[in-house]
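Student: Using the numbering used here, the letters of the sequence shown correspond one by one to residues 33 to 241.
The set of hints was computed from the structure by calculation and includes no laboratory data.
Being a predicted model, the structure only gives us computed values, none of them experimental.
For glycine and all other residues, C-beta sits at the position ideal for the given N, C-alpha and C.
Just so you know, not all the hints are guaranteed correct.
[Unchecked claim] For each label pair, taking beta carbons as the anchor points, the in silico distance ranges come out as:
1) Glu80 with Val48: 43 to 51 Å
2) Lys73 with Lys106: 46 to 54 Å
3) Gln109 with Ser220: 20 to 28 Å
[Said to hold, decoys possible] Listed below are the simulated EDC-like cross-link pairs for lysine to aspartate or glutamate, each with C-alpha atoms no more than 16 Å apart in a straight line:
4) Lys129 with Glu217
5) Lys147 with Glu198
6) Lys65 with Glu75
7) Lys117 with Asp223
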Amino acid sequence: MVKERADWERYRERLVRQANEFEKANVAFAEEKSKFEADRKLEEWGREGLRSKLRAAEDLLAKEKAESKKICEKDNQRMYAARAKITELEGQVVELKGKVEDVQADREHVEAALKVQVSSKDKDLAAKDVEIAELKQVNKSESLEIDLEAEKGKAASAEEARQKAEEARDMSTSALNIAQNNYSEVQSIVDTLVAEAEWMRGRGWPTLS
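Sequences and hints are given; from them, build the entire structure.
Tutor: Below is the structure:
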């Protein structure tokens, strides 16, 4: 009887110990479950935060792409206009070069003609001076004096022609200088537009091919 009671006490103590251990295990399980739920929520919040950041990044990228596309379109329009202007100015440069060459050729032609004309007039004047001197020395008749006056008039006309030739040469030189100045201004504009196009290409902006 005493032995059975002792066995019962040991059995009861074992049950009580197991019950306590079960309660502790339940508490630990509840704590682990609570921690797991908290970690799971944190993970979900983290994933949601990442998804929000991803959506914001995608929206920003789409906006930047749209803005970049608009900028590229404007740049292409600007480059197209610049190319058209360059082509137009290059045509003007070619035209001005032709005019400069024509003016230069006309100037050279006029100068050559003037040299011949001046040389001829100088010879005529020298001959007239000799003839006038001879006429004065021999003191010819009145009719010869009249001829002398006529020759003087011709000499004056020759001098006047020489002066007009000099004026024509000066006008030709002035026209050449104006043409050269116009050519320099147009060439400067072309160089500026070409430099601007090279600068835009250096920035990596799309341009018209």
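Student: Does the Cβ distance between Glu80 and Val48 fall inside 43 to 51 Å?
Tutor: Once the Cβ atoms are compared, 48 Å apart, the range 43 to 51 Å for Val48 and Glu80 holds.
Student: At the C-beta level, are Lys73 and Lys106 separated by a distance inside 46 to 54 Å?
Tutor: Once the Cβ atoms are compared, 49 Å apart, the range 46 to 54 Å for Lys106 and Lys73 holds.
Student: Does Glu217 sit within 16 Å of Lys129, going by the straight-line distance between their CA atoms?
Tutor: 12 Å, holds
Student: Below or equal to 16 Å on CA atoms is what counts here, so check Lys147 against Glu198.
Tutor: Holds - the C-alpha atoms of Glu198 and Lys147 are around 10 Å apart, at most 16 Å.
Student: For a C-alpha distance cap of 16 Å, please report whether Lys65 and Glu75 respect it.
Tutor: Holds. Lys65 to Glu75 sits at ~15 Å (cutoff 16 Å).
Student: Is the gap between the beta carbons of Gln109 and Ser220 within 20 to 28 Å?
Tutor: 24 Å, holds
Student: Is the hinted pair Lys117 and Asp223 satisfied, with a Cα-Cα distance of at most 16 Å?
Tutor: OK: Lys117 and Asp223 at ~12 Å, within 16 Å.
When the structure is compared with the earlier hints, no violation turns up for any of them.
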